[in-house]
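Participant: Here is how the chains run, residue by residue.
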Amino acid sequence: MNTPFYFYTQFNLTILLGLKAKNITELLKGLKKIPAPSVYYHTHRFLQQHHYLSPEPPNDFAYWTANILSLEELGELLASVDTVSFNNIEDLRTTFIKILTNYMSAEKCNFNCPEGQEFDFMSCVTFVMPTPYVANNLKEFVKILDKITIRSLYFHVFEARIRLKKDENDFTAWFKAIGEFELAKKLSTLDPYTITLEGLRKKIITAVSKYAGN
Amino acid sequence: MPEIKQYIPIVGQSVVDEIHFLAEKFKGKIVQNINSTFVGGGVAEILTRMIPLLQELGVDVRWDIIKGNEKFFNITKKIHNALHGVNIQITPKDLDVFLQVNQENAREINLYGDVLFIHDPQPIALIEKKKDIGKKWIWRCHIDFTNPQPEIMNFLKSYIEKYECAVFSAPVFSRDINIPQFLIAPSIDPLSDKNKELSPETINSVMECFKIDRERPIVTQISRFDYLKDPVGVIKAYKKIKTHVDCQLVLAGGGATDDPEGMEVLEKVKYAAEGDPDIHIIFLPPSSDLEINALQRASTVILQKSLKEGFGLTVSEALWKSKPIIASAVGGIPLQIKHQYSGILTHSIEGTAYYLKQLLNEPEYAKKLGINGKEHIKNNFLITRHIRDYLLLFLSLYNTGDIVHL
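Residue numbers (this note's numbering), protein chains in the order written: chain A, 1 to 214; chain B, 215 to 620.
With the rest of the complex left out, here is chain A:
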């Protein structure tokens, strides 16, 4: 039976929550209060906006504590959160809260950041839309993956799994559906958070090409 893969894409419209933190106590307080899409936004924004940068700051919390508050150790702890291992945003939020709480109980460092460099809590509305691209087999998949926008790749690898609460990324799910279990396994072990999106595109194309007979 033919199981085509329909390519979608997505856009984020950024929401400013009007909530700011000037020290880590306020960062923790804000982190507990913000809606789930805001946690998602602050842990995935850099992937889309700085997709040419590698290595890149993995999340806004790590970047702000290390670069604005100069709390390098805390920044490192927040940066080391293995985002790819989380299937839902609430668990991710809990992990960040735990790191901040533990750090604050051990260290007395609740000083304020310079004026104007506060942490601005943000969130986003995500618009999901279809693209004209449909792959009926791996050969077509590779061809299309080479020309879709970076946002389409992002949607199927990141958004679908953590935001739309699917167990795995869309590509892995499709490979399984068409009987390409080895390829699915290969892709599921990839940590997409540690490479640029263009790098990720190349890696997936290389992997799939081997199975597509290209």
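Since the hints were derived computationally from the structure, they do not count as laboratory data. Where a beta carbon is used, it is the ideal one built from N, C-alpha and C, also for glycine. Watch out, some of these pointers could steer you wrong.
Here are some chain B residues pointing at chain A (derived, C-beta under 10 Å) [to be verified]:
# : residue
1 : N361
2 : A380
3 : P385
4 : V544
5 : L605
6 : L607
Cut-off 20 Å, straight-line C-alpha distance, at most; resulting in silico cross-link-like pairs (SDA-like, lysine to any residue) [claimed, not checked]:
#  : chain 1 : residue 1 : chain 2 : residue 2
7  : B       : K239      : A       : M129
8  : A       : K143      : A       : N2
9  : B       : K291      : B       : K371
10 : B       : K552      : A       : G116
11 : B       : K410      : B       : M215
12 : A       : K147      : B       : V230
Chain A is already provided as a structure; the job is to place chain B on it using the hints.
Facilitator: Chain B in isolation, oriented as in the chain A frame:
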């Protein structure tokens, strides 16, 4: 004006296809932009470029301006400065005049749009018509809102909160207000006269016209003659390094019809530059985009030493031309520059002078900053991204929830 297909070689076919799709989803509604001037300043500039493209995409977007006399624009300039945190007195009488002009405009302007897209504080009180005519109202703030005077902020807040939503250019401008706030950065048009590729002959002829020596390094700041752009601070930074590096300084810019302060600032800049033939002060008329483009392309280093900044599009313009830039870490500038990766962020005259000397003496490092900067602008600050964000904003008025399936 360019057609949308002309952007394909720059941003790719898929990006343009996506914009077409979003535009299709919004067809049938009229968006009416209202601001205070058709010429001068960043708002007029971006609307001039964007409206024809949106119309070509099939979106019915139009543009009207409010009318005001000199007294009104002097008051709106005071409001502008007070929002920037300048200690300036705005009297109850001033606010009465401000509201009276808004009321007159509300009576005279035909508010025909399904979406009323109101730009900046000058026409903000038009929102009073909402109770009579309904419709969707968006307030778009293009200015630095970091540290506004509380009195003027409270005055404006009473109007802002009547809108459906507000849009700011940088996260730092978000406020504790009771309506949704969106972040939409402005953009540059890579095909405009100000940003398109120029031939070496064109650049040379502009430099000759302004008598600028191309054999020695050129340091340039392009901006309106405005206290908040700190042109005198730029001259001070230049003087600090002039004894070590034989360079020239170009301060070039024009004025907007709603800015009565420009001439006063220009005189102070001329006074500060007196006696140094290597400082070129160039007052440009509104239609000088090609000259600005040529000046930027001929420059060795570009400065944007603003004290306050709405967004600072001149930074994106310079980076699009792969130029190394040193700019103040204010307003939307940190969104455009990642310090020491795609440019330099500074906080003082001394810091500006220090890095200026470094970039002039280390051209390879300066070149790398410019290359990285161009890539960042291509991905985030071109007009195609801006059009997409506005279409999403308009669509968000008619769709709820944090995930919208189109």
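Participant: Compare the structure with each hint and give your call.
Facilitator: Each hint tested on the structure:
1. N361: holds (8 Å)
2. A380: Holds, about 9 Å.
3. P385: holds (4 Å)
4. V544: Interface hint status for B:V544: holds (7 Å vs cutoff 10 Å).
5. L605: holds (9 Å)
6. L607: Hint on B:L607: holds, closest Cβ of chain A at ~6 Å, below 10 Å.
7. B:K239 with A:M129: holds (10 Å)
8. A:K143 with A:N2: Holds, because 18 Å separates the two Cα atoms, which is no more than 20 Å.
9. B:K291 with B:K371: Distance ~18 Å between B:K291 and B:K371 Cα, so the pair holds.
10. B:K552 with A:G116: Judged against 20 Å, a Cα distance of about 16 Å means the pair holds.
11. B:K410 with B:M215: holds (12 Å)
12. A:K147 with B:V230: holds (13 Å)
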